[in-house]
Amino acid sequence: MKKQVALSQEFIKNLWDNNPVFKQALGLCPTLAVTVSAINGIAMALATTFVLVFSSLLISSIRKFIPSQVRIASFIVIIATFVTIVDLVMKAKFPELSKSLGAFIPLIVVNCLILGRQEAFASKNTPLRSVFDALGSGMGFLIVLFVLGGIREILGSGTILGVQILPDAFEPWIVMILPAGAFLTLGLMMGFSNTYLERKKRLEREALLKQFRKPVEVQEIKEEGA
Amino acid sequence: MELFIIFISAAVVNNFVLAYFLGICPFIGVSNKISSAVSMGMATTFVMVITSIVSWLLYNFILVPYDLTFLQIPSFILVIASLVQFVEMVIKKVSQPLYRALGIFLPLITTNCAIMGLALFISMREYSFLEGIVFGVGAGAGFTLALTIMAGIREELELADVPKGFRGAPITLIVAGLLALAFMGFAGMI
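If you read the protein sequences in the order shown, they are chains F and G. Residue numbering for the first sequence follows the working numbering, starting at 1194 and increasing by one per position. Residue numbering for the second sequence follows the working numbering, starting at 536 and increasing by one per position.
Keep in mind the hints are simulated off the structure, nothing from the lab. Incorrect hints may have been included.
[What the hints assert, rightly or not] Restricting the straight-line Cα-Cα distance to at most 27 Å, the calculated cross-link-like pairs of lysine-lysine (DSS-like) are:
1. F:K1393 - G:K699
2. F:K1206 - F:K1317
3. F:K1206 - F:K1216
4. F:K1403 - F:K1393
5. F:K1393 - F:K1216
6. G:K568 - G:K699
7. G:K627 - G:K699
8. F:K1206 - G:K699
9. F:K1206 - F:K1286
10. G:K699 - F:K1403
11. F:K1317 - F:K1257
12. F:K1216 - F:K1317
13. G:K568 - F:K1216
14. G:K568 - G:K628
15. F:K1394 - G:K628
16. F:K1284 - F:K1394
17. G:K699 - F:K1216
18. F:K1286 - F:K1403
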């Protein structure tokens, strides 16, 4: 039954409807920690996407040879290899960026987003499909990190991508670049995103009801747990 | 005195959850009830202390002498993964209800960034053996503290009238933000 889903669908579903951060609450640690500025968010998301795509490719290609008892350990070793590559390349090519992301580049290895995708998708699907799924998740992650980083950078230092956009008279909200600001902003973003999706679902359901005129039994919306 | 400062710093001033954003996943996931929060905190603290010992030995006696520090990430994660497996087996044997309560989050201690972060910080800051252990205990205590406070608040939140879209993770993050503000008050201590 999985086979019927179009490849593009594997990509698109993770962008918004099944967004790794908003809907699945995965990968929150780097999301909160590095989004002091938009550029940090982008760098982090690209590094994560690289690791995600290549480990998905490798794991889905060898999924039939991994005994299920040791699968978690094998996944982690594969992920750790790609993270080491990213870490060393970043240190050599972008020393400043690498310094500002600090311990969070090595910590990609324990990003639940990556292991989650391997366990839930790559270990059960073909390599091509897994790569699309990984790319979608990575881009979904990028969107969230960029928006969150952008909001925090604009309000916290009055700049976006290093360019000043707010007038000097604007007093930067220091709290936005502190840990508390990260929690509050992400909480509000997630809340509004959920509210919007709920509303969309409700409107769709009402439109459907109107169409049939006969009262149809209302389906209960599944509670989205954390 | 030095050791005491490291402990306090890891536990409250630079709390792993609220200041470094490490270990957010279990923080959001397991903080529904105080009882499961405390046991999750205990399991994590236990793994943290053992990790700080083993990773220190590994780093200073194997990786540094043989110039293998580039293997730091895979080797640390392997140590942590096997430790977690071990803890899981022990808990399954000793307490079935606890095993069921922790559920999926026990294997996820492996991907708890707080533990990997701890190992990385210890090697980055070049702590001595004893300092490393104290740092591990402090970080574990801080994690348990944050998790328990959060669980207490969330038990009360059950009764509050939260807008529908904000239930679950979003309101938890907002509460965590307020907690982080409160913990900033400790900043002057050191």
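Each hint, compared with the structure:
{"no.": "1", "hint": "F:K1393 - G:K699", "verdict": "14 Å, holds"}
{"no.": "2", "hint": "F:K1206 - F:K1317", "verdict": "17 Å, holds"}
{"no.": "3", "hint": "F:K1206 - F:K1216", "verdict": "11 Å, holds"}
{"no.": "4", "hint": "F:K1403 - F:K1393", "verdict": "15 Å, holds"}
{"no.": "5", "hint": "F:K1393 - F:K1216", "verdict": "15 Å, holds"}
{"no.": "6", "hint": "G:K568 - G:K699", "verdict": "20 Å, holds"}
{"no.": "7", "hint": "G:K627 - G:K699", "verdict": "37 Å, violated"}
{"no.": "8", "hint": "F:K1206 - G:K699", "verdict": "23 Å, holds"}
{"no.": "9", "hint": "F:K1206 - F:K1286", "verdict": "33 Å, violated"}
{"no.": "10", "hint": "G:K699 - F:K1403", "verdict": "24 Å, holds"}
{"no.": "11", "hint": "F:K1317 - F:K1257", "verdict": "9 Å, holds"}
{"no.": "12", "hint": "F:K1216 - F:K1317", "verdict": "21 Å, holds"}
{"no.": "13", "hint": "G:K568 - F:K1216", "verdict": "22 Å, holds"}
{"no.": "14", "hint": "G:K568 - G:K628", "verdict": "23 Å, holds"}
{"no.": "15", "hint": "F:K1394 - G:K628", "verdict": "45 Å, violated"}
{"no.": "16", "hint": "F:K1284 - F:K1394", "verdict": "46 Å, violated"}
{"no.": "17", "hint": "G:K699 - F:K1216", "verdict": "15 Å, holds"}
{"no.": "18", "hint": "F:K1286 - F:K1403", "verdict": "59 Å, violated"}
In summary, the structure is inconsistent with hints 7, 9, 15, 16 and 18 from the numbered list given earlier, while agreeing with the others.
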